[in-house]
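Engineer: Listed below are the residues making up each chain.
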Amino acid sequence: MDLHRLEQRVVEAVNHPLWTLVRKEMTDHMKSFRFNILMGIILLTTLGSLYTALSTIRDAASSIEDADQWFLYLQMLTITDEEGTLYPFITFVSFLGPLLGIGMGFDAINSERNKNTLIRMMSQPIPRDSIILAKFLAALIIISVFIFFLGFLVIGLGLMFMGIPPSFGEFIRVTAYLVMIMIYISFWLSLSILFSIRFKQAATSALAGIAVWLFFTVFYTIIVNLIVNASMPDQLFQTVENQQQNQELLTSLMRISPNYLFSEITMVLLTPSFRPLGPISMEQMVGYVPSPLDLIQSLTMIWPQVMGILAAALVCFAISYLIFMRQEIRS
Amino acid sequence: MTTMIELKNVSKQYKEVKAVDRLNLKIKKGEIFGLLGPNGAGKSTTIHMLLGLTEPTEGEVYVGGIHATTRPIEVKKRVGFLPDDVGFYEDMTGLENLLLTARLNGLKEDMAKERALSLLKQVGLEDAANKKAGEYSRGMRQRLGLADVLMKDPEVVILDEPTLGIDPKGIQEFLKMIRTLSKEKKLTVLLSSHQLHQVQQICDRVGLFVKGKLLAQGDMESLQKQLFDDYSVQYKVEIGTTSQNPEEELNKIPGVQSVVPQSDGTYIIDLKQADNGELARFIIEKGYRLFSLEKVSYGLNEIYQRYFQGGETLGSS
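Residue numbers (our numbering), protein chains in the order written: chain W, 1 to 331; chain X, 1 to 317.
Honestly, I wouldn't trust all of these hints.
In silico BS3-like links for lysine-lysine, alpha-carbon gap of 30 Å or less [said to hold, decoys possible]:
no. : chain 1 : residue 1 : chain 2 : residue 2
1   : X       : K29       : X       : K15
2   : X       : K15       : W       : K200
3   : X       : K108      : W       : K115
4   : X       : K108      : X       : K132
5   : X       : K121      : W       : K115
6   : X       : K77       : X       : K28
7   : X       : K236      : X       : K272
8   : X       : K183      : X       : K236
9   : W       : K115      : W       : K24
10  : W       : K200      : X       : K132
11  : X       : K29       : X       : K131
12  : X       : K176      : X       : K77
13  : X       : K29       : W       : K31
14  : X       : K15       : W       : K115
15  : X       : K77       : W       : K24
16  : W       : K115      : X       : K18
17  : W       : K24       : X       : K131
Chain X side only, calculated, beta carbon under 10 Å to chain W, not exhaustive [as the list claims (entries may be wrong)]:
no. : residue
18  : Y14
19  : L53
20  : Y62
21  : E74
22  : V79
23  : F81
24  : P83
25  : D91
26  : G106
27  : M111
28  : E114
29  : L117
30  : G145
31  : I158
Some chain W residues near chain X, calculated using beta-carbon distances under 7 Å [said to hold, decoys possible]:
no. : residue
32  : P17
33  : T20
34  : N116
35  : T117
36  : I119
37  : S123
38  : Q124
Rather than coming from a laboratory, the hints here were simulated on the basis of the structure.
Think of the CB as a built atom: it goes at the ideal place given N, C-alpha and C, for glycine as much as any other residue.
Based on the sequences and whatever the hints tell you, model everything.
Structural biologist: Below, the structure is given as structure tokens:
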């Protein structure tokens, strides 16, 4: 009896109009110029950064003595060439990822509203929230597929050129990193969907999204530095405690920015030999053995950051949901 | 006949404007009802409330016995709605747009295609079925909209200003199409418009809707009667007199309701009943010279004009 009910539930869930909408949105994205342009840019930069990585990785590898600490595949994602002319993969991702998220979501609702398709959709027998949920899911699915494609492309090319298979730990780290990218982009996606509900014009909402992104990438660091400096006016005669407090204030303020959280995640996941997040005192350094963190420890370390980004994404989505459900349809 | 649409004492208050004011309305099954009113009278708001897209501030809305505010999805399964400027996904063909609607309504794929093609044929778009909806003209879009509404095989069809922006010939065709389809499929149709003669053409019953209130309803004839009863018969007289205050004298006419002097020296006299010569006799017996006596007639058009004056101030909101 219960099994039968469960079966019914599953059938209902699969046949839910939400998936029809998701399918339609995905088709739209794949056919759209915008997505293909964004994809082209990111694909090219990935290939560019891979080229740099592969041409310098030999030197990097030869300088490491212990084979356990190679992490060649992680290095492929993080390495730059000696002059630093080309950026590594992680820089591109943290730079272009938000743009991808904003680009996929900024006109989600307002373009439908302006083309009068929104009211036609709303007069169909579907729950109202399905419309925004479908927008979000479709973009997220497409982005995830694309991100995983890139990640596995990197591993595949690495395998072809270096001939050394990745260790299991590396593979998991790279996969975890890809999942983190997804979560990070989904934050920007839900933010831009929020703007697309709030602002009637697609251009305004795109600008708002880019403004927030610029704020966190460029200005936020400056502002935080200003605040910390202002709160500690006497720079010359600081005690150790003062300095530490200062540094802690800086870090905790910086952690409001999703960009900073993501950079911490990237650092911990892809540079296992890198240990502390934030300041560390000389006492703590006593007895420090420079060995890489193992996987579980790395994951434990970034857990708060991951939750932070996820929470930010959820908050954005919840606000969009609230506004959308209450908004009048009147044009 | 059963009641299909019922509004009980429905009000909708926007921040400052009362868009709909204690509206009571019943529409029977199989009827074509025309909601006639100027822009901003609250027609669209009423329609949105019927579909559960907007919640009424007060009152209850039922469609086919279902409470529209609390169970909007059930209502939307039965009601097809054509908004005033219907939009389609422009990079999908007309047929694909219809199939999307079908899928959202849970139709089986093969059945959906069959129905879509037959509906496209009915609205005369079979040649444009595989054309992108972005290339459709306004009239074609509207016809595709009608097909889209009928995809879910509705019991009720609601059309919001369906003839807006179509050329006269297109309007005639479109109205005829609605009429035939509704008779064929025994549909209940609610149609809103501000075009009197269009409503006159196809509607069984008309409701005159101004400033959120339903002033009168009924078929054309009873509507006319109602409005005439409500509004007394008016005469315009032009007289020559030496009397200082002819207005006072004129007020003594039997059955007079009001006398309003006009700027050009004439008087507008309201009578309770149609004049049978009494008016002229009275004026002459008083010793005035009667230059002209003219009945100011109120056809539906004039009534419409008169009622709808000032509607536009609300329309801006």
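Engineer: Next, verify each hint and record whether it holds.
Structural biologist: Here is what the structure says about each hint:
Between the alpha carbons of K29 (chain X) and K15 (chain X) the distance comes to roughly 35 Å, so the proposed pair goes past 30 Å and is violated. For the hint pairing K15 (chain X) with K200 (chain W), the CA-to-CA distance comes to about 20 Å; that is within 30 Å, so the pair holds. Between K108 (chain X) and K115 (chain W) the alpha-carbon distance is near 28 Å, which keeps this suggested pair within the 30 Å criterion. Between K108 (chain X) and K132 (chain X), the direct Cα distance comes to roughly 23 Å. Compliance with the 30 Å bound is thereby established for this hinted pair.
Restraint check for K121 (chain X) and K115 (chain W): the C-alpha separation of about 25 Å stays at or below 30 Å, so the hint holds. Proximity of K77 (chain X) to K28 (chain X) is assessed by CA-CA distance (about 19 Å); at most 30 Å being required, the pair is judged to hold. Of the supplied pair hints, the one linking K236 (chain X) and K272 (chain X) holds, its CA atoms being roughly 15 Å apart against a limit of 30 Å. About 45 Å separates the Cα atoms of K183 (chain X) and K236 (chain X), which puts this hinted pair outside 30 Å; it is violated.
Using a Cα cut-off of 30 Å, the hinted pair K115 (chain W) and K24 (chain W) holds, with the two alpha carbons roughly 16 Å apart. For the suggested pair K200 (chain W) and K132 (chain X), the alpha carbons sit about 25 Å apart, so the restraint of at most 30 Å is met. At roughly 36 Å between alpha-carbon atoms, K29 (chain X) and K131 (chain X) are farther apart than 30 Å, so this suggested pair is violated. For the proposed pair K176 (chain X) and K77 (chain X), the alpha carbon gap of about 25 Å is at most 30 Å, so the pair holds.
Proposed proximity of K29 (chain X) and K31 (chain W) is contradicted: the alpha carbons are some 44 Å apart, above 30 Å. Restraint check for K15 (chain X) and K115 (chain W): the C-alpha separation of about 26 Å stays at or below 30 Å, so the hint holds. For the suggested pair K77 (chain X) and K24 (chain W), the alpha carbons sit about 20 Å apart, so the restraint of at most 30 Å is met. Taken as a hint, the K115 (chain W) and K18 (chain X) pair is honoured in the structure, with Cα atoms around 28 Å apart against an allowance of 30 Å.
Proximity of K24 (chain W) to K131 (chain X) is assessed by CA-CA distance (about 18 Å); at most 30 Å being required, the pair is judged to hold. The beta carbon of Y14 (chain X) comes within 8 Å of a beta carbon in chain W, closer than 10 Å, and the hint placing it at the interface holds. A least Cβ separation of about 5 Å between L53 (chain X) and chain W falls short of the 10 Å threshold, and the interface hint therefore holds. Hint status for Y62 (chain X): violated, given a least beta-carbon distance of 17 Å to chain W, over 10 Å.
Hint status for E74 (chain X) relative to chain W: holds, with the closest Cβ pair at about 8 Å, below 10 Å. Look at V79 (chain X): its Cβ gets to within about 8 Å of chain W, closer than 10 Å, so that hint holds up. Look at F81 (chain X): its Cβ gets to within about 4 Å of chain W, closer than 10 Å, so that hint holds up. Against a cut-off of 10 Å between C-beta atoms, the interface hint on P83 (chain X) holds, since the closest Cβ of chain W lies about 5 Å away.
For D91 (chain X), the interface hint holds, since its Cβ comes within 10 Å of a Cβ in chain W; the closest pair sits about 7 Å apart. The closest approach between the C-beta of G106 (chain X) and any C-beta of chain W is roughly 7 Å, which is under the 10 Å cut-off, so the hint is satisfied. With its C-beta approaching chain W no nearer than about 15 Å, M111 (chain X) sits outside the 10 Å limit, and its interface hint is violated. At about 19 Å, the closest approach between the beta carbon of E114 (chain X) and any beta carbon in chain W exceeds 10 Å, and the interface hint on this residue is violated.
Taking 10 Å as the C-beta cut-off, the interface hint given for L117 (chain X) is violated, the closest approach to chain W being about 20 Å. For G145 (chain X), the interface hint holds, the least distance from its beta-carbon to any beta-carbon of chain W being 8 Å, beneath 10 Å. At about 9 Å, the closest approach between the beta carbon of I158 (chain X) and any beta carbon in chain W falls short of 10 Å, and the interface hint on this residue holds. Checking P17 (chain W) against chain X: minimum C-beta separation of about 5 Å stays under 7 Å; hint holds.
A distance limit of 7 Å between C-beta atoms decides the matter here; for T20 (chain W) the minimum to chain X is near 4 Å, and the interface restraint holds. Contact between N116 (chain W) and chain X, as hinted, is supported at the beta carbon level, the nearest pair being about 3 Å apart and thus within 7 Å. Look at T117 (chain W): its Cβ gets to within about 4 Å of chain X, closer than 7 Å, so that hint holds up. The closest approach between the C-beta of I119 (chain W) and any C-beta of chain X is roughly 5 Å, which is under the 7 Å cut-off, so the hint is satisfied.
Below 7 Å, beta-carbon pairs count as interface contacts, and S123 (chain W) has one with chain X at about 4 Å; its hint therefore holds. Interface hint at Q124 (chain W): satisfied, since its Cβ lies 4 Å from the closest Cβ of chain X, which is below the 7 Å cut-off.
Hints 1, 8, 11, 13, 20, 27, 28, 29, counting from the list given before, are not met by this structure.
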